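Number of protein chains: 2
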Amino acid sequence: MKTRIASAALAALLCAVAAPALAQEAAKPAAQVDFGNVRPPQPTSPYTKQAKALMTSKAFKAAKATLAAGYEQTVEDIVTLTEIPAPPFGEAEKGKAYLAMLAKEGLTDLDTDAAGNVMGLRKGTGGGGLLVVAAHLDTVFPASTDVKVRRDGDKLYAPGIGDDTVGLGSILAILRAINAAGIQTKSDILFVGDVGEEGPGDLRGMKELFFKGKYKDKIDAFISLEPSGPTVIVNGGVGSKRYKTTFKGPGGHSMGDFGTVNPAFALADAARQFGELKVPSDPRTVYNIGLLEGGTSVNSIPFAVSMTVDMRSSGKAELKAVEDAYLAILPKAVEAENAARSTKRGVISLDNKMVGDRPVGETPANSPFVQQLAAVGDALGKPMGYVAGSTDANIPMSLGKPAVTLGAGFVTFRGHSLEEGMEVNKARDVESIAVTMAQILMVAGAK
Amino acid sequence: MKTRIASAALAALLCAVAAPALAQEAAKPAAQVDFGNVRPPQPTSPYTKQAKALMTSKAFKAAKATLAAGYEQTVEDIVTLTEIPAPPFGEAEKGKAYLAMLAKEGLTDLDTDAAGNVMGLRKGTGGGGLLVVAAHLDTVFPASTDVKVRRDGDKLYAPGIGDDTVGLGSILAILRAINAAGIQTKSDILFVGDVGEEGPGDLRGMKELFFKGKYKDKIDAFISLEPSGPTVIVNGGVGSKRYKTTFKGPGGHSMGDFGTVNPAFALADAARQFGELKVPSDPRTVYNIGLLEGGTSVNSIPFAVSMTVDMRSSGKAELKAVEDAYLAILPKAVEAENAARSTKRGVISLDNKMVGDRPVGETPANSPFVQQLAAVGDALGKPMGYVAGSTDANIPMSLGKPAVTLGAGFVTFRGHSLEEGMEVNKARDVESIAVTMAQILMVAGAK
Chain A
1 MKTRIASAAL
11 AALLCAVAAP
21 ALAQEAAKPA
31 AQVDFGNVRP
41 PQPTSPYTKQ
51 AKALMTSKAF
61 KAAKATLAAG
71 YEQTVEDIVT
81 LTEIPAPPFG
91 EAEKGKAYLA
101 MLAKEGLTDL
111 DTDAAGNVMG
121 LRKGTGGGGL
131 LVVAAHLDTV
141 FPASTDVKVR
151 RDGDKLYAPG
161 IGDDTVGLGS
171 ILAILRAINA
181 AGIQTKSDIL
191 FVGDVGEEGP
201 GDLRGMKELF
211 FKGKYKDKID
221 AFISLEPSGP
231 TVIVNGGVGS
241 KRYKTTFKGP
251 GGHSMGDFGT
261 VNPAFALADA
271 ARQFGELKVP
281 SDPRTVYNIG
291 LLEGGTSVNS
301 IPFAVSMTVD
311 MRSSGKAELK
321 AVEDAYLAIL
331 PKAVEAENAA
341 RSTKRGVISL
351 DNKMVGDRPV
361 GETPANSPFV
371 QQLAAVGDAL
381 GKPMGYVAGS
391 TDANIPMSLG
401 KPAVTLGAGF
411 VTFRGHSLEE
421 GMEVNKARDV
431 ESIAVTMAQI
441 LMVAGAK
Chain B
1 MKTRIASAAL
11 AALLCAVAAP
21 ALAQEAAKPA
31 AQVDFGNVRP
41 PQPTSPYTKQ
51 AKALMTSKAF
61 KAAKATLAAG
71 YEQTVEDIVT
81 LTEIPAPPFG
91 EAEKGKAYLA
101 MLAKEGLTDL
111 DTDAAGNVMG
121 LRKGTGGGGL
131 LVVAAHLDTV
141 FPASTDVKVR
151 RDGDKLYAPG
161 IGDDTVGLGS
171 ILAILRAINA
181 AGIQTKSDIL
191 FVGDVGEEGP
201 GDLRGMKELF
211 FKGKYKDKID
221 AFISLEPSGP
231 TVIVNGGVGS
241 KRYKTTFKGP
251 GGHSMGDFGT
261 VNPAFALADA
271 ARQFGELKVP
281 SDPRTVYNIG
291 LLEGGTSVNS
301 IPFAVSMTVD
311 MRSSGKAELK
321 AVEDAYLAIL
331 PKAVEAENAA
341 RSTKRGVISL
351 DNKMVGDRPV
361 GETPANSPFV
371 QQLAAVGDAL
381 GKPMGYVAGS
391 TDANIPMSLG
401 KPAVTLGAGF
411 VTFRGHSLEE
421 GMEVNKARDV
431 ESIAVTMAQI
441 LMVAGAK
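Chains A and B, in that order, are what the protein sequence lines are. Note that UniProt numbering has the first sequence beginning at 1, numbered continuously upward. Note that UniProt numbering has the second sequence beginning at 1, numbered continuously upward.
Be aware that one or more of the hints could be misleading.
Quick list of simulated restraints, FRET-style, between CB atoms [claimed, not checked]:
no.: 1; chain 1: A; residue 1: K344; chain 2: B; residue 2: T44; range: 35 to 41 Å
no.: 2; chain 1: A; residue 1: K52; chain 2: B; residue 2: E335; range: 58 to 64 Å
no.: 3; chain 1: A; residue 1: K344; chain 2: B; residue 2: P364; range: 32 to 38 Å
no.: 4; chain 1: A; residue 1: T145; chain 2: B; residue 2: T145; range: 36 to 42 Å
no.: 5; chain 1: A; residue 1: N425; chain 2: B; residue 2: A328; range: 55 to 61 Å
no.: 6; chain 1: B; residue 1: A339; chain 2: A; residue 2: P364; range: 37 to 43 Å
no.: 7; chain 1: B; residue 1: K218; chain 2: A; residue 2: N352; range: 58 to 64 Å
no.: 8; chain 1: A; residue 1: K52; chain 2: B; residue 2: T296; range: 44 to 50 Å
no.: 9; chain 1: B; residue 1: A100; chain 2: A; residue 2: S342; range: 47 to 53 Å
no.: 10; chain 1: B; residue 1: S342; chain 2: A; residue 2: T112; range: 23 to 29 Å
no.: 11; chain 1: B; residue 1: A328; chain 2: A; residue 2: N366; range: 55 to 61 Å
no.: 12; chain 1: A; residue 1: D154; chain 2: B; residue 2: A339; range: 29 to 35 Å
no.: 13; chain 1: B; residue 1: T145; chain 2: A; residue 2: A339; range: 37 to 43 Å
Hints are computed from structural coordinates only; laboratory data are not their basis. Computed from a predicted model, the values in this text were never measured in an experiment. Positions of the beta carbon are idealized from the N, C-alpha and C atoms, including for glycine.
Pulled out of the complex, with its shape left as it was, chain A reads as follows (with noise of 0.2 Å):
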């Protein structure tokens, strides 16, 4: 069963879109990252007295001072980055200007890899293996969209300037704050700009990360910042499958050709035979068609016609068995239509095209890496929550990487939608990252 805590941080985050207002602790829209069942919170994380030990040393506290003085900075960091589209696919020259941004807090290293991920190397004492920070670049709205920032009152709007940019900003924040403090890790930590983490990017800006790009071999650890309060910790790697399914059959007139077999009756078929499909709600397992289209004319029998359909779990195998039911009923719902109507001019054939495939994943919340980053919560008194979710992160844990999202520290609120935007509270925004910074340094070993 659900903990109290972790079904409150669950209510709020899905409230969030609705009432921006409330979400201080965990302003991260459903539409954003995409939750999936919440884990209990584990007991009193081991690490505690470290995290305690670590928040209230002075280096820590002029960091947390930066983090302050800084804060107009960090904002207008966020607005010069939302104002630089950056659809799917078009992430380069926000890219540009992040490296940039980057480069000036001192990175060495400085990279960008085929897929177009930006990166720079903070270097650590030694002995701490290699950590990645990341935010993701691109957005979800297409290049024409109107990017300007518009302020009203203490809220900014802009489609993108939640997610992820607000992510972007929080790791120039916190680099300038550690810097300023003169705190070294164990860890080296390569900071990196992603491409790629949206919808249609599919992760490739990850996939180029772990499985081509030079560091690939050699990351030890993995934390990407989304739009989120310090409440929880994105754990768990909700797996998906999308498919655009187009039915394709030989066309023709509705009068003259009537009679002969249709696409869109085979689509129908095998749509209300996916709709049929029973999935378990522990591992939470869902399907969805999430677009139509096809057809030339009220008054032609398509060439073709398709669906495009998300299948998740946090569940390997629920995954897959999901996955296989949509699968098998494809062909035969091509056949049906085959045998309802005339072939003569043509059969009704299928196109099945693999859209997007993220891997199921967990880093196990009792793992020693989940844990230094519960004790953040703990020594403040504020257990965090474990969601299951579909980030960046899916990809290292997939591969058995310890690896998480954790909330950037604003308040966001509409995400992908044009009505996006985050609200601007100093005090109590300089808390929130004051706490992923603390969970960074907890991992990283700070010294």
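Model the placement of chain B on the given structure of chain A, informed by the hints.
Showing chain B alone in chain A's frame:
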């Protein structure tokens, strides 16, 4: 049973798209006029002698000589008019140009009505009532389509050149011919370039002419010219009902809101039931799903999805039966989806918009009007077939007025496609246009 001749005519019609070169006798592709059931030709027309007399008269021969002499001008007119875009609801410029051409041929009472039909009168000697001869200005192509005519040997290519710009050109050719020959008619003839014949126009030009315009109660008979050779008389009007059926729901996130009603499943259910409907083959009755659309992204439960459907029959009761069956399916599919999934966030609802309504009609083959037209074929030893179509003539047919669609006299191909074209063959085309001219003169009472 169908006779040999009628079957051959239909075969030629249905082959026209694939084999334009063979289609001289019946060049109208099924995609242009929506031919339904073919009825056998009647016994030799009682007007055959009269038709023979007309066609062997000096005046008629003089008119035919003018058709031949003016053939290049006619082709030029067709090219000029084709190159003026005339998408559905965008016929004004082409109409203006056509009205100027009609004016040049000496018509009086020039007018552009409220719908955009352009027209001019050729006064008769009296006692013959008012005959309308029309061709439609609109094409199926959107405004952005390249309508520049390309010539390749004896073929001219451009979207809309066949359907129905050849009809507009034929009217001009026939006017010039009968004017030059000094042929008078008992009937007043109103020549019309009309709007809204193609799908989305829903016959609005005819509806204006017959239900609202200044001639509404004065028209005694109607002929429209469409791209086809001289072998068939479209004396049956296939009725159609078209709906854009939208299923709406609360939408939501594919993961966070899984279990919520999804309008795509309701649509699928309705579409599948639609596909199972049994319809009679005599009178020919058909149905189609032509377009599917809806949804915002793969990982959103759609707010709305829709299908656009077409139902047709040349039988009034049969059309109503298939329409009633469709309309009965829709609320059942809505109810089923509302029962199958959660309606906590909102229910599935229906928004069913009629987007096409063409009445069923027929001008009996044994009526004097049709028999006067048939006499021209009989006089030439080439009896005509009777077919049902979906054209401008549907409106006057539905009012019980004598009305048909005749071939404009050119061989065209690939109607409604970007490869639409016409062949240029002077000797053949002049013979074909002369048949149409003779038919008009028969019913208008040439003196």
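Right, here's what the structure says about each hint:
1. A:K344 / B:T44: 35 to 41 Å: Given about 36 Å between the Cβ atoms, the range holds.
2. A:K52 / B:E335: 58 to 64 Å: holds, 59 Å
3. A:K344 / B:P364: 32 to 38 Å: holds, 33 Å
4. A:T145 / B:T145: 36 to 42 Å: violated, 28 Å
5. A:N425 / B:A328: 55 to 61 Å: holds, 56 Å
6. B:A339 / A:P364: 37 to 43 Å: The hinted range 37 to 43 Å holds for B:A339 and A:P364, with Cβ atoms some 40 Å apart.
7. B:K218 / A:N352: 58 to 64 Å: holds, 60 Å
8. A:K52 / B:T296: 44 to 50 Å: holds, 46 Å
9. B:A100 / A:S342: 47 to 53 Å: Roughly 48 Å apart at Cβ, these two residues keep to the hinted range, so it holds.
10. B:S342 / A:T112: 23 to 29 Å: violated, 46 Å
11. B:A328 / A:N366: 55 to 61 Å: Because 58 Å falls inside the window, the suggested range holds.
12. A:D154 / B:A339: 29 to 35 Å: violated, 45 Å
13. B:T145 / A:A339: 37 to 43 Å: holds, 38 Å
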